[in-house]
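In this note's numbering, the protein residues as written are 9 to 418.
In case anyone wonders, no lab produced these hints; they're calculated from the structure. For each residue, glycine too, the CB sits at the ideal point set by N, CA and C. Careful, some of the hints might be misleading.
[Claimed, not checked] Restraint ranges, calculated between C-beta atoms of paired labels, are given here:
#1 Tyr9 - Gln119: 21 to 27 Å
#2 Asn297 - Pro359: 50 to 56 Å
#3 Asn256 - Glu16: 52 to 58 Å
[Stated by the list, open to error] Under the rule of at most 30 Å between Cα atoms (straight-line distance), these lysine-lysine pairs were calculated in the DSS-like manner:
#4 Lys307 - Lys338
#5 Lys144 - Lys378
#6 Lys282 - Lys240
#7 Lys21 - Lys144
#8 Lys336 - Lys366
#9 Lys275 - Lys247
#10 Lys21 - Lys240
#11 Lys336 - Lys310
#12 Lys366 - Lys144
#13 Lys406 - Lys366
#14 Lys226 - Lys338
#15 Lys380 - Lys144
#16 Lys366 - Lys356
#17 Lys310 - Lys366
#18 Lys240 - Lys310
#19 Lys226 - Lys275
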Amino acid sequence: YFPLLIPESLLNKEKEHVEGFAPEVAWVTHGGNQELGERLVVTPTSETIICHMYAKWLNSYRDLPYLYNQWCSVVRWEKTTRPFLRTSEFLWQEGHTLHETEDEAQAETLQMLDIYRQVAEDLMAMPVVIGQKSEKEKFAGAHATYTMEALMHDGQALQAGTSHNLGQHFTKAFEIKFQGRNGQEQHPYHTSWGISTRLIGGLIMVHSDNRGLVLPPKMAPTQVVIIPIAQKKEGVLEKAYELYEKLNAKGIRVELDDNTENSPGWKFNQYEMKGYPIRIEIGPRDIENNQAVAVRRDKLEKEMISLDNIEDTIHDMLESMQKELFEKAKAHREANTYIVEDYETYKKDLPNRPGFAKMMWCGERECEDKLKEETGATIRCIPFEQENLGDKCHICGKPAKHMIYAARAY
9 YFPLLIPESL LNKEKEHVEG FAPEVAWVTH GGNQELGERL VVTPTSETII
59 CHMYAKWLNS YRDLPYLYNQ WCSVVRWEKT TRPFLRTSEF LWQEGHTLHE
109 TEDEAQAETL QMLDIYRQVA EDLMAMPVVI GQKSEKEKFA GAHATYTMEA
159 LMHDGQALQA GTSHNLGQHF TKAFEIKFQG RNGQEQHPYH TSWGISTRLI
209 GGLIMVHSDN RGLVLPPKMA PTQVVIIPIA QKKEGVLEKA YELYEKLNAK
259 GIRVELDDNT ENSPGWKFNQ YEMKGYPIRI EIGPRDIENN QAVAVRRDKL
309 EKEMISLDNI EDTIHDMLES MQKELFEKAK AHREANTYIV EDYETYKKDL
359 PNRPGFAKMM WCGERECEDK LKEETGATIR CIPFEQENLG DKCHICGKPA
409 KHMIYAARAY
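Produce the entire structure from the sequences given, and follow the hints as far as they go.
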């Protein structure tokens with residue numbers, strides 16, 4: 009782990025970076041009762057301290073690439089906070105790499121963005137749009153920032169993860185050099201990328217309901233809970249343990265709740281609130297009929313399933329639930345993604361029509377600022393998959409350069 013507290017002089021080495029983060033920096037000014045000679049920054053992101061160390065470590069092209077990752081808490085002094093989505097202190101994963109060539113750095117940047125997309129879509133069942141941030145929205149000090157954007161249940165966007173090609177901005181500012189293949193000193197190319205506990209907020213908002221969490225099976229710490237009914241009756245607990253062993257042997261993450269202090273009904277509500285993907289109920293009558301009751305958290309409908317090959321049945325149910333949660337979230341996003349026909353109409357309708365708005369943009373900062381000032385929406389990304397929606401910028405009428413996704417965001 010790299011240090012939590014960073015001297016102010018290090019933060020000031022990269023001009024764009026310090027200007028971008030200055031409004032949300034937390035400062036340490038005293039040690040005990042003694043004022044410090046130099047203020048210390050409580051890390052908002054670790055580019056500066058890591059680059060300071062890279063300059064001491066790197067010598068030759070043979071040392072490259074440098075690939076460092078850490079999990080740590082960082083602090084950004086947010087004016088308005090929301091649990092998980094925007095907090096003053098949050099846990100995240102941040103990676104920082106150095107590369108010999110610009111092409112290698114760009115490949116790393118896009119590879120990490122795709123890995124984040126896989127985490128969001130394949131594990132969290134949360135569909136995302138991937139693309140590049142505008143110059144205004146990119147990371148402070150970056151050459152280019154790439155993002156994945158998710159749409160929440162209320163039609164607001166969430167920046168779910170970013171990957172930055174930092175070029176040589178930081179490596180020059182921190183005098184990071186290596187001896188190249190030609191024997192000449194040169195600056196490496198730099199990337200950084202991160203995801204945070206904000207993803208937990210996204211997961212909750214995309215899938216959950218008023219009864220509690222709905223966890224995709226691949227994300228759930230426990231995928232199945234077995235609840236014996238009338239467990240004091242002969243054979244019930246034994247059969248429940250038998251089911252537990254079968255599911256466990258299949259690689260399913262399973263718990264057996266044989267606690268006698270709480271009623272089955274209390275347990276049902278508890279596990280629904282916690283988002284366990286599947287609940288299995290088994291009692292004396294079920295055993296007589298060689299069956300059990302299975303309830304998927306997203307549907308809350310009781311289904312009678314045979315005890316024969318129950319491990320295969322539950323495995324298939326978990327796979328179906330994972331797939332259907334993704335498809336449901338994707339359908340919600342598509343139903344709330346629309347093409348802007350006229351900017352004035354968009355401004356008027358936006359309060360009652362949230363979601364992703366697709367429009368053409370000239371690329372000018374003036375139009376981007378106008379969009380935010382007049383609507384509260386921002387350019388979420390310039391998607392990799394471009395569509396030609398017209399030749400003119402929807403905002404100003406000048407020749408268009410990009411199709412963009414715009415939305416109000418958390």
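Taking the hints in turn, this is what the structure says about them:
Evaluation of the 21 to 27 Å hint for tyrosine 9 and glutamine 119 yields a pass: the beta carbon distance comes to about 24 Å. For the pair asparagine 297 and proline 359, the supplied restraint of 50 to 56 Å holds, since their beta-carbon distance comes to about 55 Å. A hinted range of 52 to 58 Å holds for the C-beta pair asparagine 256 and glutamate 16, which are about 54 Å apart. Under the criterion of a C-alpha separation no larger than 30 Å, the hint pairing lysine 307 with lysine 338 is consistent with the structure, at around 17 Å.
For a cut-off of 30 Å, the pair hint linking lysine 144 to lysine 378 stands: about 13 Å separates their Cα positions. Only pairs whose Cα atoms come within 30 Å are accepted, and lysine 282 paired with lysine 240 is accepted, the gap being roughly 26 Å. In summary, the hint linking lysine 21 to lysine 144 is supported, as the alpha carbons are separated by about 21 Å, within the 30 Å threshold. For the hint linking lysine 336 to lysine 366, the alpha-carbon distance of about 21 Å falls within 30 Å, and the restraint holds.
Note on lysine 275 and lysine 247: the hinted pairing holds, with a Cα-Cα distance of about 19 Å set against a maximum of 30 Å. The hinted pair formed by lysine 21 and lysine 240 fails the criterion: a straight-line CA distance of about 70 Å is larger than 30 Å. Of the supplied pair hints, the one linking lysine 336 and lysine 310 holds, its CA atoms being roughly 20 Å apart against a limit of 30 Å. Pair hint lysine 366 plus lysine 144 holds up; C-alpha atoms about 18 Å apart against a cutoff of 30 Å.
Restraint check for lysine 406 and lysine 366: the C-alpha separation of about 17 Å stays at or below 30 Å, so the hint holds. Of the pairs offered as hints, the one joining lysine 226 and lysine 338 holds, with about 17 Å between alpha carbons and a cut-off of 30 Å not exceeded. In summary, the hint linking lysine 380 to lysine 144 is supported, as the alpha carbons are separated by about 12 Å, within the 30 Å threshold. A distance of roughly 16 Å separates the Cα atoms of lysine 366 and lysine 356; the hinted pair therefore holds under the 30 Å criterion.
Distance check on the hinted pair: lysine 310 and lysine 366 sit about 41 Å apart at the alpha-carbon level, beyond 30 Å; violated. Our distance criterion of 30 Å between C-alpha atoms is met by lysine 240 and lysine 310, whose separation comes to about 23 Å. Among the hinted pairs, lysine 226 with lysine 275 is consistent with the structure: their alpha-carbon atoms are about 22 Å apart, no more than 30 Å.
Checked against the numbered hints above, the structure breaks hints 10, 17 and satisfies the rest.
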